[in-house]
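Protein sequences, first through last, are from chains A and B.
By our numbering, the letter at position 82 of the first sequence is numbered 82, and the numbering carries on one by one without gaps.
By our numbering, the letter at position 28 of the second sequence is numbered 1028, and the numbering carries on one by one without gaps.
Quick caveat, the hints were computed from the structure, so don't treat them as lab data.
Quick caveat, the model's predicted, so the values are computed rather than measured.
Ideal Cβ positions, reconstructed from N, Cα and C, are used throughout, including at glycine.
Treat each hint with caution, since some may be false.
Covered stretches of chain A, as calculated for chain B (at least 3 residues, CB under 8 Å) [claimed, not checked]:
| no. | segment |
| --- | --- |
| 1 | 73-80 |
| 2 | 204-210 |
Now the in silico label distances, taken between C-beta atoms and shown as ranges [said to hold, decoys possible]:
| no. | chain 1 | residue 1 | chain 2 | residue 2 | range |
| --- | --- | --- | --- | --- | --- |
| 3 | B | Asn1107 | A | Ala138 | 39 to 45 Å |
| 4 | A | Ala166 | B | Arg1146 | 56 to 62 Å |
| 5 | B | Asp1208 | A | Ser197 | 58 to 64 Å |
| 6 | B | Asp1208 | A | Leu305 | 42 to 48 Å |
| 7 | A | Arg127 | B | Asp1208 | 56 to 62 Å |
| 8 | B | Asp1101 | A | Gly304 | 53 to 59 Å |
| 9 | A | Phe259 | B | Lys1178 | 21 to 27 Å |
| 10 | A | Gly101 | B | Gly1100 | 47 to 53 Å |
| 11 | A | Thr302 | B | Thr1315 | 55 to 61 Å |
| 12 | A | Ala193 | B | Val1307 | 30 to 36 Å |
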Amino acid sequence: MTTTQQVQHVNSPETKQPFTVEDLQMNPARSNRQKAIAGVFAVTAVTSIAISGLILWTLLAEAWVFMVNVDWASVWDIGWFPRRGIYDIKTLIVASLITTGIAMMVATPLGLGAAIYLSEYAHPRVRSVIKPVLEVLAGIPSVVLGFFALLWIAPNVVGSFSANDAGSLAAAGIGVGILTIPLITSVSEDAMAAVPSSLREASQGLGARKSATTLRVVLPAAISGIVASLIIAVSRAIGETMVVYIAGGAAQTAIYTDFPTEKGLTMTAAMASQGSGTDNVVGEGLTFQSLYFVGLVLFVFTLGLNVIASRFVNRIQEKY
Amino acid sequence: MSTASTFQDQSKLENSIAIPEMPDRETEPTAAAAPATVAAPAATTPTHAVELSTPQSHSAFEAGTAQLEAETASDEALEQDEVPAKNLVYKVNDLNVYYGDYHALRNVDLEIEANEITAFIGPSGCGKTTLLRCFNRMNDLIPTARIEGMIEYLGVNLYDSQVSAVEVRRRIGMVFQKPNPFPKSIFDNVAYGPRITGLAKRGQALNDIVERSLQKAALFDEVKDRLNNSAMGLSGGQQQRLCIARAIAVNPDVLLMDEPCSALDPVATTRIEDLMNELKQDYTIVIVTHNMQQAARVSDMTAFFSVDVASETDTRTGILVEYGKTEEIFSTPKDTRTEHYVTGRFG
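Generate coordinates for the entire structure from the input sequences, incorporating the hints supplied.
In structure tokens:
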């Protein structure tokens, strides 16, 4: 009906005057409102950038104070004892790498296997049960998993092959691994589900078994998503704090170790333990600033990982 | 009935037996039946309206009279019956296909001979693709799909519980509606089948298979300098020929083609059609097409399918209306529905 009305309107006597640019102009009030809306969104975008910049600035400023004033011999020493002026960064880096490595050893086979099962083998009804359960696992607060790692994994799993049945890097690593399983499963399952079914049909039409189709067609076609899921998982594992803080077995200080079943302090756990006692820390030499230095090292790690990840994913991506 | 097919062409037979990994070799009756020249009792004359065809009526005439040329068959279908023994590849007997509650295809009887191109034509939803996908058990991949009746391939019931769909698909290649090369190199696409079936894993043997398959698919000259480039960089027509090369690399007996030209331009379509005519020497081809000119151009036999709408329940079922020699389907169809379809008055 509106169209006929408009047609009548155009043809009606009062609009017979010459057609001008005003007929096609936007209502000024509406135009102003549009500008205001665009402005609101611009402010929100700028705010998040400003906050990131502020964080980076704080991090760099305090870390700079540390780096300028520290005796660099103490940064390569026997362990991490910030209150005594011993800031052995390798203790923390090695501990972080060990927990992350163990976490990935646990999470990669379990997460990828679950993703393959869900995407290629599971009956739709089974999938509709398992997927929500996995999402519940993803929703477990890391503090809860931290206590699970300390009170169950440490004595029952790590304690079964070592004398240390309290907190250890291995227990923390397994806990972090459990935490990242749903992440790997969910992202790589999405990547595999996005592989067109025409490729599976092509493979099966050639007489390929399901396993050959999965390993030789679906996985290579989804490889960029799978690698992305693993890299996100590494980022998550290296940045994970609560589980390693609770289950790592060391509080605030740690002697250097590269043995997974011993207690250890990761970069994140060192920061958390130190940060939770900040009021005591302030004023004791560079102890407070060392926290920012560790933060900067961690930041460099995750940033580097993300850069490598995006390069790698772009390079091996198989387009379909 | 089970020995109806007499698969006689020795060279073809040896060819098929030479394929490695054939666990069902013992169960294949063609080896024993091959030299026989028994007139197949249920092997009906090549052209007949399906509703008229009852195997009994033919077998009654089995004693036969003079041997007639196949072309004379249509009108005398009920008068004579001694036809040259045929190399039946497929024998479909009272086939019904369901997807869940949906009855997709009803009471289909059909026979397909070796080294012929058989076209399935008909309007959308008439079940022609469904039947094609039954021929290599691709419908097994659809959880709700279910069949009743019999499809014999070289005399073996394709849906026998001992038959493995994987083995079936190694003998019966398929080319799909949309070109679906793997996101791998051109070489790896063609080599995929030989690798997974163990025909050739690497080295010169594999190179030879890839080159021969690409040559048969009339693609080799265009891609020989870039075999290691991604197949996704090829044009649509080249991709489809690559898919044909990939399918014939595993040395199948039959090629099923599901509207292979529907995504292609006319030039590429012509190339594929020429190719089909060449491939016919070595393979039995069944093609589903929406394009009636294509069916008329390339096929020896044509099956016209239609949709039967039950008026009281408004349920739609695919049926085989008429099956016969292509020139007869297009010039002197027996069924008015076929006539309306091929003259463009319906569908």
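Here's how the hints hold up against the structure:
With 0 residues carrying a beta carbon less than 8 Å from a beta carbon of chain B, the segment 73-80 of chain A misses the three-residue requirement, and the given coverage is violated. Interface restraint, the segment 204-210 of chain A with chain B: holds (6 residues with C-beta to C-beta distance below 8 Å; minimum three). About 52 Å separates the C-beta atoms of Asn1107 of chain B and Ala138 of chain A, a value inconsistent with the hinted range of 39 to 45 Å. Under the hint 56 to 62 Å, the C-beta atoms of Ala166 of chain A and Arg1146 of chain B, about 59 Å apart, fit the expected range.
The hinted range of 58 to 64 Å is not satisfied by Asp1208 of chain B and Ser197 of chain A, whose Cβ atoms lie roughly 32 Å apart. For Asp1208 of chain B paired with Leu305 of chain A, a C-beta distance near 45 Å keeps the hint of 42 to 48 Å intact. The beta-carbon spacing between Arg127 of chain A and Asp1208 of chain B, approximately 43 Å, falls outside the hinted interval of 56 to 62 Å. Asp1101 of chain B and Gly304 of chain A have their C-beta atoms about 57 Å apart, which keeps the hinted 53 to 59 Å range intact.
Under the hint 21 to 27 Å, the C-beta atoms of Phe259 of chain A and Lys1178 of chain B, about 56 Å apart, miss the expected range. Look at Gly101 of chain A against Gly1100 of chain B: about 49 Å separates their beta carbons, and that is inside 47 to 53 Å. For the pair Thr302 of chain A and Thr1315 of chain B, the supplied restraint of 55 to 61 Å holds, since their beta-carbon distance comes to about 60 Å. A beta carbon spacing of about 33 Å between Ala193 of chain A and Val1307 of chain B agrees with the range 30 to 36 Å that was offered as a hint.
Going down the numbered hints, you'll see the structure goes against 1, 3, 5, 7, 9, while the others check out.
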